[in-house]
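Student: Each chain is listed here by its residues.
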Amino acid sequence: MKKLLAVLAGVAALAATGASAQTLKSVKDRGELVCGVSKGLPGFSAPDAKGQWTGFDVDLCRAVAAAVLGSGEKVKFVPLTADERFPALQKGEVDLLSRNSTWTLDREGKLGLLFAGISYYDGQGFLVRDSRKITSALELDKSKVCVQAGTTAAGATAEYFKSNGMELELITLPDSAALVKAYEEGKCDTLTTDVSQLYALRLNMAKPADHIVLPDVISKEPLGPVVRQGDDQWFNVVKWVLYGMLNAEELGVTSSNMAEALKSQKPDVKRLLGVEGDNGASLGLPNDFVVLVVKAVGNYGESYERNVGAASKLGIPRGINQLWSMGGIQYAPPIR
Amino acid sequence: MISSTFKTLTFAALLQVGLLAGVGATQAQTAPRGTPGATMDIGDQPGLVPPEDDEAQLDPAFRRQPVYFRTTEAPGTIIISTNERFLYLVEGNNRAMRYGIGVGRDGFQWSGLKNIVRKAEWPDWRPPVEMIERQPYLPRFMAGGPGNPMGARALYIGGTVYRIHGTNQPQTIGYAVSSGCFRLVNSDIIDLYQRVPVGTKVIVRQQATL
Numbered sequence: 045m046k047k048l049l050a051v052l053a054g055v056a057a058l059a060a061t062g063a064s065a066q067t068l069k070s071v072k073d074r075g076e077l078v079c080g081v082s083k084g085l086p087g088f089s090a091p092d093a094k095g096q097w098t099g100f101d102v103d104l105c106r107a108v109a110a111a112v113l114g115s116g117e118k119v120k121f122v123p124l125t126a127d128e129r130f131p132a133l134q135k136g137e138v139d140l141l142s143r144n145s146t147w148t149l150d151r152e153g154k155l156g157l158l159f160a161g162i163s164y165y166d167g168q169g170f171l172v173r174d175s176r177k178i179t180s181a182l183e184l185d186k187s188k189v190c191v192q193a194g195t196t197a198a199g200a201t202a203e204y205f206k207s208n209g210m211e212l213e214l215i216t217l218p219d220s221a222a223l224v225k226a227y228e229e230g231k232c233d234t235l236t237t238d239v240s241q242l243y244a245l246r247l248n249m250a251k252p253a254d255h256i257v258l259p260d261v262i263s264k265e266p267l268g269p270v271v272r273q274g275d276d277q278w279f280n281v282v283k284w285v286l287y288g289m290l291n292a293e294e295l296g297v298t299s300s301n302m303a304e305a306l307k308s309q310k311p312d313v314k315r316l317l318g319v320e321g322d323n324g325a326s327l328g329l330p331n332d333f334v335v336l337v338v339k340a341v342g343n344y345g346e347s348y349e350r351n352v353g354a355a356s357k358l359g360i361p362r363g364i365n366q367l368w369s370m371g372g373i374q375y376a377p378p379i380r
Numbered sequence: 455m456i457s458s459t460f461k462t463l464t465f466a467a468l469l470q471v472g473l474l475a476g477v478g479a480t481q482a483q484t485a486p487r488g489t490p491g492a493t494m495d496i497g498d499q500p501g502l503v504p505p506e507d508d509e510a511q512l513d514p515a516f517r518r519q520p521v522y523f524r525t526t527e528a529p530g531t532i533i534i535s536t537n538e539r540f541l542y543l544v545e546g547n548n549r550a551m552r553y554g555i556g557v558g559r560d561g562f563q564w565s566g567l568k569n570i571v572r573k574a575e576w577p578d579w580r581p582p583v584e585m586i587e588r589q590p591y592l593p594r595f596m597a598g599g600p601g602n603p604m605g606a607r608a609l610y611i612g613g614t615v616y617r618i619h620g621t622n623q624p625q626t627i628g629y630a631v632s633s634g635c636f637r638l639v640n641s642d643i644i645d646l647y648q649r650v651p652v653g654t655k656v657i658v659r660q661q662a663t664l
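Chains as they are written, first to last, in my numbering: chain U, 45 to 380; chain S, 455 to 664.
No lab work stands behind these hints: they were computed from the structure.
Each residue gets a CB set at the ideal place from its N, CA and C atoms; glycine is no exception.
Hints may be right or wrong, so weigh each one.
[Claimed, not checked] For the chain U half of the interface with chain S, some residues (derived, Cβ under 10 Å), not all of them:
#1 Leu113
#2 Leu258
#3 Ala305
#4 Lys310
#5 Gly353
#6 Gly371
Generate coordinates for the entire structure from the input sequences, incorporating the hints supplied.
Tutor: Quick look at the structure:
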């Protein structure tokens, strides 16, 4: 019932403002993008020591601002809790939500929102002690598995073990601190939650390098930027900024070789950077919007590595988020 | 047929660059380990004996680990991603064993489709003529052993002067440092050596060029 009210409120707000169909124009007029982010999730969105917002989700806000307003600094970040995030977007309090949100039918069908692509493929995985020399989740038969109460992880784990003919003993813990403690004290053989979360939890362990995250991912948690329904132009802008970052990586365009890239003779690179054609203008953006984006936050791979990958504290391998051409499933439609 | 996709042109060009570049220039690392710009200018150190637990010297990101890897290549294929500084041994079912590697310095990187033609334990080292010309201080011959830059094992890549081998300098993993070979820490090359037979397909990939 509460959910229904929230939806109704959202729909009413949508109808009332009316301006939501011109998000691009209002962002340009305002000279600032209002972006909804997480209250503090290391690697994804958190203010640093100087109060500057950084992270993978934050970069996407900055990328959109760079494409629309020419600068990645022209963003007002609005930290939102899990409960606040969708109503805030529905009511038009934010132009864009880039907050670790999973794309599901429910959120598009019932909440009147649209996911503008998948910026990060997350999913449930397993953490084990490296000393066990396990290489696959299929070797976890007869394991004691620690899960956090109130998440979907317990059900998914039981289902996975059952469908692979394995036995398990589930140990449910009230919160993530208790989860880590139980695992470190040896009360369970493996700890399970979303892969990005496993890496974050591992950081807080006594000896992070003694534990590995298995490559198996047993559930789908596709995360991406969210916009309101009813504004196709803005939806396209956000979508193609993300795809621009992915295409830049695929074509070898980085923040450090931009000068060289602008002189490239390859048709794909020329179109990507707006040296040729009017692809940007057709979206309501400058033709060189990808240049602005990559200069502001780097290409997809640069942003990934800096915030959550090898160059960050989290050290999450690219895994399924590697480009489709490099062993992963990140795939952007071509710019042409 | 094997060498059909090997870029001979690049190979010839890089040898020339190498000859001009000379030796002895010391340079700091230019970028974080593992990123495309990360190079380490460190000479070969014949005679240096690496620590027993060479794997412990590795950044966790470069330690041997099973990973998700989607490919149409058959299980057993080696795929080397120069840009990422990783060697993948395809295991099928969307997974691979991943090893951290050191790769060729700028101008010493190459790509192509090759095969393993020979395997050797504690290989002797005869630096090729091109390498002697660039680095005249290198020995002409060095018997296999712990102080040998080839390390504990070598997999010889057919049709080239290159190998996938161990190292006596574990700190170089993750950097562009070699003359075109791919180096792993000794514990990793021993592991890989046991897993791949002669005839194994080796694919060397480069980042897209502008």
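Student: Decide, hint by hint, whether the structure agrees.
Tutor: Consistency of the hints with the structure:
1. Leu113: For Leu113/U, the interface hint is violated, since the closest Cβ of chain S sits about 27 Å away, which is over 10 Å.
2. Leu258: 7 Å, holds
3. Ala305: Holds - the Cβ of Ala305/U comes within 10 Å of chain S, reaching about 5 Å at its closest.
4. Lys310: 7 Å, holds
5. Gly353: 8 Å, holds
6. Gly371: Check passed: Cβ of Gly371/U comes within 4 Å of chain S, closer than 10 Å.
Hint 1 from the earlier list is the only one contradicted by this structure; the remaining hints agree with it.
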